[in-house]
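Asker: Residue strings, one per chain:
Protein chains: 2
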Amino acid sequence: MRSDCPVNYGLEIFGDKWSLLIIRDLMLFGKRTYGEFLCSKEGISTNILASRLAFLEKEKIVTKARDPQHKQKWIYSLTEKGIDLLPVVINIGLWAEKYAPKLNPNRDIIIGAVKKHYGRGIAAIRKKLYSQHIKKQGTNQFK
Amino acid sequence: MRSDCPVNYGLEIFGDKWSLLIIRDLMLFGKRTYGEFLCSKEGISTNILASRLAFLEKEKIVTKARDPQHKQKWIYSLTEKGIDLLPVVINIGLWAEKYAPKLNPNRDIIIGAVKKHYGRGIAAIRKKLYSQHIKKQGTNQFK
Numbered sequence: 001m002r003s004d005c006p007v008n009y010g011l012e013i014f015g016d017k018w019s020l021l022i023i024r025d026l027m028l029f030g031k032r033t034y035g036e037f038l039c040s041k042e043g044i045s046t047n048i049l050a051s052r053l054a055f056l057e058k059e060k061i062v063t064k065a066r067d068p069q070h071k072q073k074w075i076y077s078l079t080e081k082g083i084d085l086l087p088v089v090i091n092i093g094l095w096a097e098k099y100a101p102k103l104n105p106n107r108d109i110i111i112g113a114v115k116k117h118y119g120r121g122i123a124a125i126r127k128k129l130y131s132q133h134i135k136k137q138g139t140n141q142f143k
Numbered sequence: 001m002r003s004d005c006p007v008n009y010g011l012e013i014f015g016d017k018w019s020l021l022i023i024r025d026l027m028l029f030g031k032r033t034y035g036e037f038l039c040s041k042e043g044i045s046t047n048i049l050a051s052r053l054a055f056l057e058k059e060k061i062v063t064k065a066r067d068p069q070h071k072q073k074w075i076y077s078l079t080e081k082g083i084d085l086l087p088v089v090i091n092i093g094l095w096a097e098k099y100a101p102k103l104n105p106n107r108d109i110i111i112g113a114v115k116k117h118y119g120r121g122i123a124a125i126r127k128k129l130y131s132q133h134i135k136k137q138g139t140n141q142f143k
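Residue numbers (my numbering), protein chains in the order written: chain A, 1 to 143; chain B, 1 to 143.
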């Protein structure tokens, strides 16, 4: 740890653009597998993806479990600690949407809901992530 | 630009831990000069600091002006675009404060105000940053 500042603490864990892009994929794009992360437009390389996923798992931001349908495949889920990064990701999006308004026609649905009412918008996405990633650790978990 | 996603757009500009630490120094620690940034506990190197400051200036997140008291010295200010990163920085701090609660006794004042009432806390810090960095582009600007 380079210092005792909480902002630095956070940045040492996820302050790397690739880590935050993987977290974004899990949060906003519904991606759950190595192959899906690899196909993201930003073109992450296999070695960076593998090392970032291992680090995020070590830091308990994501967990992985065997896909019940394809036993050789891992499904990644956000933990509560990971879901708690939602306001960081959303606020990066809100900032970018203000300063680069021509980007991202598809993300307007998400950003729009949060812009309309910040607290309620965040709560709605958080609830959805909880049900998709954390609740029901059974067969419905990945639906 | 690697993709048209706004989160990626933001990360391409400030998604580097050193850039966000400089922005944190300006926002929360009242640092305004190259020498002050250089003394931060995280130990940024001179070449990284100079290149990040130049990039943040190019992206209009910070501006610099000669110190009226010491003409050879530059004083850095956040622009409105820079101040708008406040929710990103604060939410990194809030997350870290939850998951590493033993850090940062001195930051409790800032984090405490935002935790008590998110919207009001952010608005109060933003107002202070505006008056210190943007309003009164005269002699009182750096007081």
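Simulated from the structure, these hints should not be mistaken for laboratory data. Each hint should be verified, as a subset may be incorrect.
Identical copies carry no separate label here, and so any pair may be met within one copy or between two of them.
Below, simulated DSSO-like cross-link-like pairs (lysine-lysine); rule was C-alpha separation at most 30 Å, straight line [stated by the list, open to error]: (1) Lys115 / Lys127; (2) Lys71 / Lys102; (3) Lys73 / Lys41; (4) Lys58 / Lys102; (5) Lys102 / Lys127; (6) Lys102 / Lys60; (7) Lys73 / Lys116; (8) Lys73 / Lys102; (9) Lys41 / Lys58; (10) Lys71 / Lys115; (11) Lys98 / Lys135.
Keep in mind the model is a prediction, meaning the values are calculated, not measured.
Asker: Can you tell me if lysine 71 and lysine 115 fall within 30 Å by alpha carbon in one copy, between copies, both or neither?
Answerer: neither (41 Å within a copy, 43 Å between copies)
Asker: Tell me, please, which holds for lysine 73 and lysine 41 at an alpha-carbon limit of 30 Å: within, between, both or neither?
Answerer: within (22 Å within a copy, 43 Å between copies)
Asker: For lysine 41 vs lysine 58, is the C-alpha pair at or below 30 Å within one copy, between two copies, both, or neither?
Answerer: both (26 Å within a copy, 26 Å between copies)
Asker: Could you figure out if lysine 73 and lysine 102 sit no more than 30 Å apart (CA to CA) within one copy, between two copies, both or neither?
Answerer: neither (37 Å within a copy, 38 Å between copies)
Asker: How would you label the pair lysine 71, lysine 102 (within, between, both, or neither) given a Cα cut-off of 30 Å?
Answerer: Neither way: lysine 71 and lysine 102 sit 42 Å apart in one copy and 40 Å across, limit 30 Å.
Asker: Given identical chains, is lysine 73 near lysine 116, meaning Cα to Cα at most 30 Å, within a copy, between copies, both, or neither?
Answerer: Cα proximity of lysine 73 and lysine 116: none, with 39 Å in one copy and 43 Å across.
Asker: Have a look at lysine 102 and lysine 60 and pick one of within, between, both or neither, based on CA distance no larger than 30 Å.
Answerer: For lysine 102 and lysine 60, only the inter-copy Cα distance (18 Å) is at most 30 Å; the intra-copy one is 35 Å.
Asker: At most 30 Å between CA atoms: does that hold for lysine 98 and lysine 135 within a copy, between copies, both, or neither?
Answerer: between (34 Å within a copy, 21 Å between copies)
Asker: Since the copies are identical, ignore which copy is meant and state whether lysine 102 and lysine 127 lie within 30 Å (CA to CA) inside a copy, between copies, both or neither.
Answerer: Intra 29 Å, inter 28 Å, cutoff 30 Å: intra and inter.
Asker: Is it within, between, both, or neither for lysine 58 and lysine 102, if the alpha carbons may be no more than 30 Å apart?
Answerer: between (37 Å within a copy, 20 Å between copies)
Asker: At 30 Å max between alpha carbons, let me know whether lysine 115 reaches lysine 127 within a copy, between copies, both or neither.
Answerer: both (17 Å within a copy, 20 Å between copies)
Of the numbered hints stated above, those contradicted by the structure are hints 2, 7, 8 and 10, listed in ascending order.
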